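Novice: Chain by chain, the residues run as shown.
2 protein chains.
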Amino acid sequence: MRRKTKATSIDIAHRAGVSQATVSRVLSGSPLVNAETRKRVEAVARELNYKVDRHASSLRTQRSATLALLLFEDPTADESHINPFFHAMLGSITRACARHGQDLLVSFQQLSDDWHADYEDSMKADGMILLGYGDYLEYRDKLQSLVEQGTRFVRWGAVMPGQPGVSIGCDNHAGGRLVGEHLLALGRRRIAFLGDASSHYPEFFERYRGCDAALQAAGLAMDPALQVDAESSEEAGDAAARTLLARGQGFDAVFAASDLIAVGAMRALAEAGLQVPADVSVVGFDDIPMARFTRPPLTTVAQDTTRAGELLVETLLRQVRGEPAESTLLPVTLVVRRSCGAGQ
Amino acid sequence: MRRKTKATSIDIAHRAGVSQATVSRVLSGSPLVNAETRKRVEAVARELNYKVDRHASSLRTQRSATLALLLFEDPTADESHINPFFHAMLGSITRACARHGQDLLVSFQQLSDDWHADYEDSMKADGMILLGYGDYLEYRDKLQSLVEQGTRFVRWGAVMPGQPGVSIGCDNHAGGRLVGEHLLALGRRRIAFLGDASSHYPEFFERYRGCDAALQAAGLAMDPALQVDAESSEEAGDAAARTLLARGQGFDAVFAASDLIAVGAMRALAEAGLQVPADVSVVGFDDIPMARFTRPPLTTVAQDTTRAGELLVETLLRQVRGEPAESTLLPVTLVVRRSCGAGQ
DNA sequence: CTGAAAGCGCTTACAG
DNA sequence: CTGAAAGCGCTTACAG
Chain A
1 MRRKTKATSI
11 DIAHRAGVSQ
21 ATVSRVLSGS
31 PLVNAETRKR
41 VEAVARELNY
51 KVDRHASSLR
61 TQRSATLALL
71 LFEDPTADES
81 HINPFFHAML
91 GSITRACARH
101 GQDLLVSFQQ
111 LSDDWHADYE
121 DSMKADGMIL
131 LGYGDYLEYR
141 DKLQSLVEQG
151 TRFVRWGAVM
161 PGQPGVSIGC
171 DNHAGGRLVG
181 EHLLALGRRR
191 IAFLGDASSH
201 YPEFFERYRG
211 CDAALQAAGL
221 AMDPALQVDA
231 ESSEEAGDAA
241 ARTLLARGQG
251 FDAVFAASDL
261 IAVGAMRALA
271 EAGLQVPADV
281 SVVGFDDIPM
291 ARFTRPPLTT
301 VAQDTTRAGE
311 LLVETLLRQV
321 RGEPAESTLL
331 PVTLVVRRSC
341 GAGQ
Chain B
1001 MRRKTKATSI
1011 DIAHRAGVSQ
1021 ATVSRVLSGS
1031 PLVNAETRKR
1041 VEAVARELNY
1051 KVDRHASSLR
1061 TQRSATLALL
1071 LFEDPTADES
1081 HINPFFHAML
1091 GSITRACARH
1101 GQDLLVSFQQ
1111 LSDDWHADYE
1121 DSMKADGMIL
1131 LGYGDYLEYR
1141 DKLQSLVEQG
1151 TRFVRWGAVM
1161 PGQPGVSIGC
1171 DNHAGGRLVG
1181 EHLLALGRRR
1191 IAFLGDASSH
1201 YPEFFERYRG
1211 CDAALQAAGL
1221 AMDPALQVDA
1231 ESSEEAGDAA
1241 ARTLLARGQG
1251 FDAVFAASDL
1261 IAVGAMRALA
1271 EAGLQVPADV
1281 SVVGFDDIPM
1291 ARFTRPPLTT
1301 VAQDTTRAGE
1311 LLVETLLRQV
1321 RGEPAESTLL
1331 PVTLVVRRSC
1341 GAGQ
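Protein chains in written order, with our numbering: chain A, 1 to 344; chain B, 1001 to 1344.
Calculated from the structure, these hints are not laboratory results. One or more of the hints may lead you astray.
Here are the computed lysine to aspartate or glutamate pairs in the DMTMM-like style, where the Cα-Cα straight-line distance is at most 25 Å [stated by the list, open to error]:
no.: 1; chain 1: B; residue 1: LYS1142; chain 2: B; residue 2: ASP1171
no.: 2; chain 1: B; residue 1: LYS1051; chain 2: A; residue 2: GLU148
no.: 3; chain 1: B; residue 1: LYS1051; chain 2: B; residue 2: GLU1036
no.: 4; chain 1: B; residue 1: LYS1051; chain 2: A; residue 2: ASP11
no.: 5; chain 1: A; residue 1: LYS6; chain 2: B; residue 2: ASP1171
no.: 6; chain 1: A; residue 1: LYS6; chain 2: B; residue 2: GLU1047
no.: 7; chain 1: B; residue 1: LYS1039; chain 2: A; residue 2: ASP114
no.: 8; chain 1: B; residue 1: LYS1142; chain 2: A; residue 2: GLU47
no.: 9; chain 1: A; residue 1: LYS51; chain 2: A; residue 2: ASP11
no.: 10; chain 1: A; residue 1: LYS39; chain 2: B; residue 2: ASP1114
no.: 11; chain 1: B; residue 1: LYS1006; chain 2: A; residue 2: ASP11
no.: 12; chain 1: B; residue 1: LYS1006; chain 2: B; residue 2: ASP1053
no.: 13; chain 1: B; residue 1: LYS1006; chain 2: A; residue 2: GLU47
no.: 14; chain 1: A; residue 1: LYS6; chain 2: B; residue 2: GLU1148
no.: 15; chain 1: A; residue 1: LYS142; chain 2: B; residue 2: GLU1047
no.: 16; chain 1: B; residue 1: LYS1142; chain 2: B; residue 2: ASP1113
no.: 17; chain 1: A; residue 1: LYS51; chain 2: B; residue 2: GLU1036
no.: 18; chain 1: B; residue 1: LYS1142; chain 2: A; residue 2: ASP53
no.: 19; chain 1: A; residue 1: LYS142; chain 2: A; residue 2: ASP11
no.: 20; chain 1: B; residue 1: LYS1051; chain 2: A; residue 2: GLU47
no.: 21; chain 1: A; residue 1: LYS51; chain 2: B; residue 2: GLU1047
So these bits of chain A aren't anywhere near chain B, every CB distance computed over 12 Å [said to hold, decoys possible]:
no.: 22; residue: SER19
no.: 23; residue: PRO31
no.: 24; residue: GLU36
no.: 25; residue: ARG140
no.: 26; residue: GLN249
no.: 27; residue: PRO289
no.: 28; residue: PRO331
If you're wondering where the values come from, they're calculated on a predicted model, not measured in any experiment. Glycine included, every Cβ here is placed at the ideal spot set by N, Cα and C.
Start from the sequences and build out the full structure, keeping to the hints where you can.
Specialist: Set out below in structure tokens:
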């Protein structure tokens, strides 16, 4: 990145009085170098601000020490509006990459785009991390063809048997159960669910089923009349809550499939003259930063994004090294704030 | 990224019955190729799913077709909490890079880290985009040394004469002025400012001064007793509003230096029993997605992030090509919602 | 318009 | 422990 001519390993070799091969050994941390020699070379390298040329190195080793992050979104979604939860993931993935000496190429894609076409054969990255919302049944085939092509990837999402490739996800079912149990303990019985609840969106669906499992354990069940589809956005949450209200079915709690949906729903509820939590408990999912600043503060389910990022990177690197890698489910925790009627 | 052996330009050459050089010419879009030959080569390349090896290409051309985005943060800031505004920028930068055929390497850094050490000489990127909040007087020296080393970079931030390097930023002064004029028109006179207002944080300072300019034009002025320092976060906004209230100085409007600060301040004001906008007008800056979903919805100043991302990338690429590049100021617009007392 | 050839800056068997 | 040499897959003057 400088205009001045860059130092090469040959320059270092001359100055240090060794061969270029030795310089390379020193800088790649090879043990086959005399300690004294190493010191001398390192000193010269530092002095000339020498850095190994990544392209030359990668060309030779056929490894790029780079991972690609593909953030994909539903084509119908607003372009500029990415779930804050994914931003937390982006941060933790970036840091995990840094810890593992990997660079991170970031790209936004539409679900409809041809993911594999680009990174696959140009050696830009050794593997890719897939992160996004969208119709699972739609991109499932894409995952399948990635597997068939031998592409290394990890995906953040629902972890289910028989999926193509390796997935890391949080325990959505357990999260839903925690929410259901908590609302039951607060005396709520008619729990509405705002978010898609079908195999097209398995993460939301698992949250729904977890909540349902809690109700069933108490001899109750989720009422399909209280479920309204919504993608993860404030707008969708607002619209879904209006739809719910318009149905005229009684409910005493809203379980929003994501915090964004919860924020939108809370606005719609307030405009309808309903008090949260006095009239309706509201619970979200994700624990985005804003959840502490809604009024009232939002009870929600927190996912460990730091661990998630680390695990995504580790699992992908395992594949890159040819080691076996498996899907993992991460635990979640219920964060109780005031919107449910209990707590602080 | 595939396990199967990758096709090279030589494979394509054999199959297409031309030399490897011709294949290279076709794939780099050279005009020196017969149309028929081009067609044949392209067909074979498509069939074998051939992609130019980026490392080989970059090694040869000494260009990486990759830009680096450094998101830096104040070391004191919460690691996981990045300003939503920067996420919008990240999205637009990513898309602009895609349009210009550039890959984007993303990295998070602390203000204290040694930025230049990493990307500078390893040829990972042709230039870098700097995006972050932090004490300007602290990182100014770093910018200066980047310039001296001939590193190509653009920075998002305040645009002022005599700055090291090239900056793209929005017209913070004009934004502040719009806010001041609007609040005056609504009959507000005592405008508090929540956010740092010193040359350490020139973007906030310009917003402050713009508002002050509007007041001065009306024979008034900002009252330093109504200014409270705050970095860009909800927590800081909450704390700053409490400090302001504790001072016991009367005020009828709050101009928050960012939407995040505004969100925190609105919570503190509500807890103090103040009505927005009846008792106090609140205006933010950035127009983050959440601004439409605060209660009441937040009046704020919108920056054109799409144009900003495009301009950052374009300006950086101009430098990479050795063309002159200059700092640019982008216009802003006032988005009137209900928190100021006017509008919708 | 096309081909043969040099060379980008490394890594890594191979030989000592 | 060290060096000489081959070669990773391209691009681009050079010659025709």
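Novice: Given the hint that B:LYS1006 pairs with B:ASP1053, test it: the Cα-Cα distance must not exceed 25 Å.
Specialist: OK: B:LYS1006 and B:ASP1053 at ~10 Å, within 25 Å.
Novice: For a C-alpha distance cap of 25 Å, please report whether A:LYS142 and B:GLU1047 respect it.
Specialist: holds (19 Å)
Novice: Please work out if B:LYS1142 and A:GLU47 have their alpha carbons no farther apart than 25 Å.
Specialist: Answer holds: B:LYS1142 to A:GLU47 is near 19 Å, not above 25 Å.
Novice: Far enough from chain B: is every CB of that chain over 12 Å from the CB of A:PRO31?
Specialist: Given that every Cβ of chain B is farther than 12 Å from that of A:PRO31, nearest at about 23 Å, it holds.
Novice: Check the hint pairing A:LYS6 with B:GLU1148 against an upper bound of 25 Å on the C-alpha distance.
Specialist: Holds - the C-alpha atoms of B:GLU1148 and A:LYS6 are around 15 Å apart, at most 25 Å.
Novice: Keeping to a limit of 25 Å between CA atoms, is the pair of A:LYS51 and A:ASP11 held or broken?
Specialist: With Cα atoms ~12 Å apart, A:LYS51 and A:ASP11 stay inside 25 Å; holds.
Novice: Need the status of pair A:LYS51, B:GLU1047: alpha-carbon distance at most 25 Å?
Specialist: violated (38 Å)
Novice: According to the definition I'm using, a residue is off the interface if its beta carbon is farther than 12 Å from all beta carbons of the partner; does A:GLU36 meet that for chain B?
Specialist: holds (25 Å)
Novice: Are the Cα atoms of B:LYS1142 and B:ASP1171 separated by 25 Å or less?
Specialist: holds (24 Å)
Novice: Verify the proposed pairing of B:LYS1039 with A:ASP114, using a straight-line Cα cut of 25 Å.
Specialist: Holds - the C-alpha atoms of A:ASP114 and B:LYS1039 are around 22 Å apart, at most 25 Å.
Novice: Run the distance test for B:LYS1051 versus A:GLU148: straight-line Cα separation, threshold 25 Å.
Specialist: Roughly 19 Å separates the two Cα atoms, so the pair holds.
Novice: Please verify whether B:LYS1051 and A:GLU47 have alpha carbons no more than 25 Å apart.
Specialist: violated (38 Å)
Violated hints for the displayed structure, listed by number in ascending order: 4, 5, 6, 11, 13, 17, 19, 20, 21, 27.
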